[in-house]
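Peer 1: Protein chains in written order, with our numbering: chain P, 1 to 556; chain D, 1 to 119.
The hints are simulated quantities; they were obtained by calculation from the structure and are not laboratory data.
Certain hints may be false.
[Stated by the list, open to error] If you want the footprint, here are the derived chain P segments under chain D, 3+ residues with CB under 8 Å:
(1) 354-368
(2) 394-406
[Said to hold, decoys possible] Calculated pairs, DSBU-like style, for lysine-lysine (alpha carbon to alpha carbon, straight line, at most 35 Å):
(3) K4/P <-> K206/P
(4) K315/P <-> K218/P
(5) K465/P <-> K86/D
(6) K79/D <-> K116/D
(7) K465/P <-> K109/D
(8) K500/P <-> K5/D
(9) K5/D <-> K465/P
(10) K351/P <-> K86/D
(11) K3/D <-> K384/P
(12) K384/P <-> K109/D
(13) K79/D <-> K465/P
(14) K481/P <-> K86/D
(15) K66/D <-> K351/P
(16) K465/P <-> K66/D
(17) K79/D <-> K481/P
(18) K79/D <-> K384/P
(19) K5/D <-> K384/P
(20) K500/P <-> K109/D
(21) K384/P <-> K116/D
(22) K3/P <-> K66/D
(23) K500/P <-> K465/P
Using N, Cα and C, we set each Cβ at its ideal position, and we do this for glycine too.
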Amino acid sequence: MRKKLVAVAVAALVPVVAMLGYNEFAVRQQRAAEVRLQAAQSARQASSEAERIVEGLHSLLTAVTSMPSVRHLDVANCNDALRSLAGNVPNIQTIFVVRLDGTPACGSIEIPAGATFGDRDYFKHAVETRDFVVGTYTKSRITGRAVLPLAMPVMDGNRVTSVVVSGMLLDWLQNRITERGVARGNAVTLADSDGRIVARVPLPEKFVGTVIPDEYLKLVHAGEPGVVQVMSQDGTERVLGYRPISLPGTPLYVSAGLSTAEAFAPINRATLTNSIGIAMGALVSLLLSTFIGNRFLVAPISRISEVMQNWRDGKTRARTQMKPIDELHAVGATLDKLLDELDARRHENEKAEETRELLVRELAHRVKNGFALVQAIARQAFAKAEPERYHSFSERLTALASTYDLILSREGSASSLRDVVSAALRAHLSVPDRIVLEGVEVQLSPELALPLSLIIHELATNATKYGSLGAEDGRVSLHWKLSEDRVRLVWQELDGPPVKAPERTGFGTVLISRAFPAKAKAESHAEYRPDGLVFEMSFSVEPASVPRVSLYSEEA
Amino acid sequence: MTKIKILIVEDEPLVRMLAVDLIEDAGFEAIEASDADEAIVILERVPEIRILMTDIDMPGSMNGLKLAAAVRDRWPPIKIVVVSGKQRPLASDMPEHSLFFSKPYDIRKMSETLIKMAA
Numbered sequence: 001m002r003k004k005l006v007a008v009a010v011a012a013l014v015p016v017v018a019m020l021g022y023n024e025f026a027v028r029q030q031r032a033a034e035v036r037l038q039a040a041q042s043a044r045q046a047s048s049e050a051e052r053i054v055e056g057l058h059s060l061l062t063a064v065t066s067m068p069s070v071r072h073l074d075v076a077n078c079n080d081a082l083r084s085l086a087g088n089v090p091n092i093q094t095i096f097v098v099r100l101d102g103t104p105a106c107g108s109i110e111i112p113a114g115a116t117f118g119d120r121d122y123f124k125h126a127v128e129t130r131d132f133v134v135g136t137y138t139k140s141r142i143t144g145r146a147v148l149p150l151a152m153p154v155m156d157g158n159r160v161t162s163v164v165v166s167g168m169l170l171d172w173l174q175n176r177i178t179e180r181g182v183a184r185g186n187a188v189t190l191a192d193s194d195g196r197i198v199a200r201v202p203l204p205e206k207f208v209g210t211v212i213p214d215e216y217l218k219l220v221h222a223g224e225p226g227v228v229q230v231m232s233q234d235g236t237e238r239v240l241g242y243r244p245i246s247l248p249g250t251p252l253y254v255s256a257g258l259s260t261a262e263a264f265a266p267i268n269r270a271t272l273t274n275s276i277g278i279a280m281g282a283l284v285s286l287l288l289s290t291f292i293g294n295r296f297l298v299a300p301i302s303r304i305s306e307v308m309q310n311w312r313d314g315k316t317r318a319r320t321q322m323k324p325i326d327e328l329h330a331v332g333a334t335l336d337k338l339l340d341e342l343d344a345r346r347h348e349n350e351k352a353e354e355t356r357e358l359l360v361r362e363l364a365h366r367v368k369n370g371f372a373l374v375q376a377i378a379r380q381a382f383a384k385a386e387p388e389r390y391h392s393f394s395e396r397l398t399a400l401a402s403t404y405d406l407i408l409s410r411e412g413s414a415s416s417l418r419d420v421v422s423a424a425l426r427a428h429l430s431v432p433d434r435i436v437l438e439g440v441e442v443q444l445s446p447e448l449a450l451p452l453s454l455i456i457h458e459l460a461t462n463a464t465k466y467g468s469l470g471a472e473d474g475r476v477s478l479h480w481k482l483s484e485d486r487v488r489l490v491w492q493e494l495d496g497p498p499v500k501a502p503e504r505t506g507f508g509t510v511l512i513s514r515a516f517p518a519k520a521k522a523e524s525h526a527e528y529r530p531d532g533l534v535f536e537m538s539f540s541v542e543p544a545s546v547p548r549v550s551l552y553s554e555e556a
Numbered sequence: 001m002t003k004i005k006i007l008i009v010e011d012e013p014l015v016r017m018l019a020v021d022l023i024e025d026a027g028f029e030a031i032e033a034s035d036a037d038e039a040i041v042i043l044e045r046v047p048e049i050r051i052l053m054t055d056i057d058m059p060g061s062m063n064g065l066k067l068a069a070a071v072r073d074r075w076p077p078i079k080i081v082v083v084s085g086k087q088r089p090l091a092s093d094m095p096e097h098s099l100f101f102s103k104p105y106d107i108r109k110m111s112e113t114l115i116k117m118a119a
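Can you build the whole structure from these sequences, using the hints too?
Peer 2: This is the structure:
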């Protein structure tokens, strides 16, 4: 019962939980989309800033290529101009004008002996492409500082005459990026075309100068800007917006990573709050359903079943004492009424039973008094004239009366064959061990018990007069069997005087044919053997009247 | 030689007559009473009574069992036979040294019992 109630409560909670779950899913989807958008946007912003800076330097170098002292390689003027320029532009350290053989012609600082740019890729690249070139992460040979080299060819018509070379200070770039700052957990990375990191927030000291891991290296030269989900080198899971170098006017690879943990933190907090809320709600609803179930369902049902069990156990005063305040209590109240009625009926039945018993007892008394009167009247009528016949009559009457005793004491129900026989023989049992009874337990209805008792009485009387019971050591064996609902009974006289068949049909034979009910199909056979009478009889008993099978043998 | 006196208490005249015949046939003298009250009067007047034979259900202030108890109390030597058409009383309801016979009783057995008691 309790489990079912809990199931109901759970079932009620399921849609709520499902709705909240779906809501959670939708919010997360939405947030994920926002984060991707934001990552892409951040990458674009950082990228455009880098472009602007590089564009500024491009313009600067273009201006330098137009300076007459540079075009004509007027070394003294060139050195002056470049020194002044480098001093005023904070994001570059040095500017050199380099001849096509790689040797510097003039520069913002004094040129160390043997310095050459001929082997530098960006230099070669600028000569080849005759265009502005942004190189890769380089440690300056002259100052030893990390720079991003820039090269701009000086053109005379279609011919490259020399190359203006400078380098953006990565320290400066790093400061610019650091100043912009990032939200907690986010990261912005700038890398050159080799994938070497030139600036990064946060933790520049750890990453600047290193190469992006191979698995992300392909992003540096990807065809399109995009957004990916990555596990960053610093161990943070991020949504990474990136802009590859291939885009026109994009000299640096830029990526902006948004920490998913940070991005989803508010949602996660909300999720946690919701989950706790749901758990609390579920707990409260389970407690409530248990409480309500106990109070309004389980308790009344238990009470009702307890009362029924008590009633069955004989506590007839057990009542639910319920008032019909709801359906279950109405059941309890109705049960009380029913039990009241049953109780009343039971009392009536008991009273009726008492009255009936009283009547039966009274009737028995009257019947037996009637027998006594018949005995007395018979005595008046013929005791004097025919004393023998009177005695015989009187004994038969007594045997009949004792069988009545037996039947009435059981109130008309079945009597045991052994008891019936014993009662009929009571008058003849002055020497008890002379008659031996042996047989199975058989129950007889009154209509069989009465004729049987008269027959046994008759046999005993005759045995006393003419047979073995009249002799000093004569005995009688009375045994019976039960098979297929038929009793087979044998009266055998032993150790008596020699017997001979009587001349006329005895009372016993008449009794058997008349007194037994037709359905008993009674049969008898008397054999007057020289050593004693053997009288056999059989009759049917109703199947229902033989419930017991206990075998026993004892002497009556 | 005077016959032994037996008091028979029985409200039904025919049954009483039967008992009287039985007692006399057995060689005793029968004294009749139709209820317990009459029996008490007779017992007070005739002290030689040796045996009381009484029915249980009788009109009057006492039934046979009460009479038997009273006799056992006042005349302890008198032997008692209780007769009834009702079921056998409980042993605790019977006075000491008394016998019960169910009605109708076997006349021979009754005679034998009375003769044994008188001996």
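Peer 1: Please go over all the hints and tell whether each is borne out by the structure.
Peer 2: We went through each hint and held it up to the structure:
1. For a cut-off of 8 Å, the count of residues in the stretch 354-368 of chain P with a CB near a CB of chain D stands at 6, and the three-residue condition holds.
2. Counting residues of the stretch 394-406 of chain P whose CB falls under 8 Å from any CB of chain D gives 7; the rule of at least 3 is met.
3. A C-alpha spacing of about 62 Å is found between K4/P and K206/P, which places the hinted pair above 35 Å, so the restraint is violated.
4. A threshold of 35 Å between alpha carbons decides the hint, and for K315/P with K218/P the separation of about 90 Å lies outside it, so the pair is violated.
5. As the CA atoms of K465/P and K86/D are separated by approximately 31 Å, the hinted pair is consistent with the 35 Å bound.
6. Among the hinted pairs, K79/D with K116/D is consistent with the structure: their alpha-carbon atoms are about 11 Å apart, no more than 35 Å.
7. Between K465/P and K109/D the alpha-carbon distance is near 16 Å, which keeps this suggested pair within the 35 Å criterion.
8. The straight-line distance between the Cα atoms of K500/P and K5/D is roughly 45 Å, outside the 35 Å bound, and the hint therefore fails.
9. This hinted pair checks out: K5/D and K465/P have alpha carbons roughly 33 Å apart, not beyond 35 Å.
10. This hinted pair checks out: K351/P and K86/D have alpha carbons roughly 22 Å apart, not beyond 35 Å.
11. Distance hint between K3/D and K384/P is fulfilled; the C-alpha atoms sit about 22 Å from each other, no more than 35 Å.
12. Proximity of K384/P to K109/D is assessed by CA-CA distance (about 19 Å); at most 35 Å being required, the pair is judged to hold.
13. A distance of roughly 32 Å separates the Cα atoms of K79/D and K465/P; the hinted pair therefore holds under the 35 Å criterion.
14. Proximity of K481/P to K86/D is assessed by CA-CA distance (about 34 Å); at most 35 Å being required, the pair is judged to hold.
15. A hinted pair counts as satisfied when its Cα atoms are at most 35 Å apart, and K66/D with K351/P qualifies at roughly 29 Å.
16. Straight-line distance between C-alpha atoms of K465/P and K66/D comes to about 41 Å, which puts the hinted pair past the 35 Å bound.
17. Simply put, K79/D and K481/P have alpha-carbon atoms about 45 Å apart, too far for the 35 Å limit, and the pair is violated.
18. Distance check on the hinted pair: K79/D and K384/P sit about 29 Å apart at the alpha-carbon level, within 35 Å; holds.
19. At most 35 Å may separate the alpha-carbon atoms for a hinted pair to count; K5/D and K384/P meet this at roughly 23 Å.
20. For the suggested pair K500/P and K109/D, the alpha carbons sit about 29 Å apart, so the restraint of at most 35 Å is met.
21. For the suggested pair K384/P and K116/D, the alpha carbons sit about 25 Å apart, so the restraint of at most 35 Å is met.
22. For the hint linking K3/P to K66/D, the alpha-carbon distance of about 70 Å lies beyond 35 Å, and the restraint is violated.
23. For a cut-off of 35 Å, the pair hint linking K500/P to K465/P stands: about 13 Å separates their Cα positions.
The structure fails to meet hints 3, 4, 8, 16, 17 and 22 from the earlier list, while all remaining hints are met.
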